[in-house]
Structures are given as C-alpha cells and as structure tokens.
Amino acid sequence: EDQVTQSPEALRLQEGESSSLNCSYTVSGLRGLFWYRQDPGKGPEFLFTLYSAGEEKEKERLKATLTKKESFLHITAPKPEDSATYLCAVSGGYQKVTFGTGTKLQVIP
Amino acid sequence: EAQVTQNPRYLITVTGKKLTVTCSQNMNHEYMSWYRQDPGLGLRQIYYSMNVEVTDKGDVPEGYKVSRKEKRNFPLILESPSPNQTSLYFCASSYRSNNSPLHFGNGTRLTVT
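These protein sequences, in sequence, are chains A and H.
So the first sequence is numbered by the numbering used here: it starts at 1 and just counts up by one.
So the second sequence is numbered by the numbering used here: it starts at 1001 and just counts up by one.
In case anyone wonders, no lab produced these hints; they're calculated from the structure.
Fair warning: this is a prediction, and the values are worked out from it, not measured in the lab.
Glycine residues also receive a C-beta, built at the ideal position from the N, C-alpha and C atoms.
Just so you know, not all the hints are guaranteed correct.
Some chain H residues close to chain A (C-beta under 10 Å, calculated; not the full set) [as the list claims (entries may be wrong)]:
hint	residue
1	Ser1033
2	Tyr1048
3	Val1052
4	Ile1077
5	Asn1084
6	Thr1086
7	Phe1090
8	Gly1107
9	Thr1111
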C-alpha cells in the first residue's frame, strides 16, 4: 500500500525566515511525486511534479527536491502570501494517487 | 478558462436520501477522480476513471458510486448517504493517467444528518 507522511504538521515562520517541509513516501513503482498548495475553502493547486531521484524544480521562492525515499519543499525568504497548506502526493503503478495530510504554513509579517 | 466545475458547493441532506454531486471538466482530460478530505486524514481517493466507461475503486469506495458515460463528466452518487459521509469532496482531472498533475474543482461540502 502506498503511503505518504508529511512533517511538520504545522509550521510558523517569520517573514524572510527560510525553512523546509518534508514528505516521506513508500510506493510500488513511483510514477511521479507532486506538490500542491491549498488555500482555505479551495481545491489544491498544482505546484511541481518530480519523476526521479535527484530531480529539482523551482518556482519563485519554492524549490522541490526528490530522493528515493523523500521529497523536500524548500521555502526561501517566505512572504505572508505563502501561507497555505502544502500537500505532497505520489502516483504509483495502480493508477491511484495517494496524498499526505499536509503541512499548514503560516508566515507572520 | 480551463476548469473543473463541481455542483453544488454546499449540500445538507438527511440519512438515506439519494444524492448526486456533479463534476465536469473542459480540458478534454482522460483521467478523473473523486476525493474526500477530512481533518487529520487528508485527501483520500474514492474512485477514479481512466477514460469513458472505465472506472475503478480508490481507497475508500464504500457507499459511493460513479459513472463515466462522457469524457467531460464524472458524477459521484451516494445512493443512501450516512452521517459518516459528511465531508468535503473534491473532483479532479488530469491529462492522462495518474502521472500528470491533477486539476481540482473548488469542492462540495456535504453534511448528512
């Protein structure tokens, strides 16, 4: 059974204080690892897809990396508008997509 | 505008009264899926569909039905809702299979009393 564990559950940062979110996973035949952002009352919004260990992707203040067992979402000099819940998901060999429970990020001005 | 549209956004019903939540996408996506989101449990997959007339169970399919008669539509049916199906439901679609990014609707908040 595919599993995704995200840590920490919640993270409070001062504006400009860089940090990382962790996503540990077990999956039979990784087809892709995804990061999403979810704002209150809305559906998740796609951020990144990573397909193989060693791959990295960047978008503004966010950078996602992937190893064989985990992925990190690095947030550099965050701003209050980066406050949201960040979700990690994996797709495996059975056409299912499994999500973690998310990290709720709060960035304080 | 590319989007996934769910209706209704909010629904309050009583135990046993059949209901349908509609989902439509305008991106010609092959893959569609339904999730429920509960505090502490995250997003859990209910059913998914690889293409028209092809559906399969996710992790929590009990008490739900789906159909995919047209490529753009993927309704979720609760034939006899129970209080434990009170949740926030999301429909999602992707270009092809489960290794493409998912596009989500804005959710349906269902309360079953």
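Here is what the structure says about each hint:
no. : hint    : in the structure
1   : Ser1033 : holds (7 Å)
2   : Tyr1048 : holds (6 Å)
3   : Val1052 : violated (15 Å)
4   : Ile1077 : violated (20 Å)
5   : Asn1084 : violated (19 Å)
6   : Thr1086 : violated (17 Å)
7   : Phe1090 : holds (5 Å)
8   : Gly1107 : holds (6 Å)
9   : Thr1111 : violated (16 Å)
Checked against the numbered hints above, the structure breaks hints 3, 4, 5, 6, 9 and satisfies the rest.
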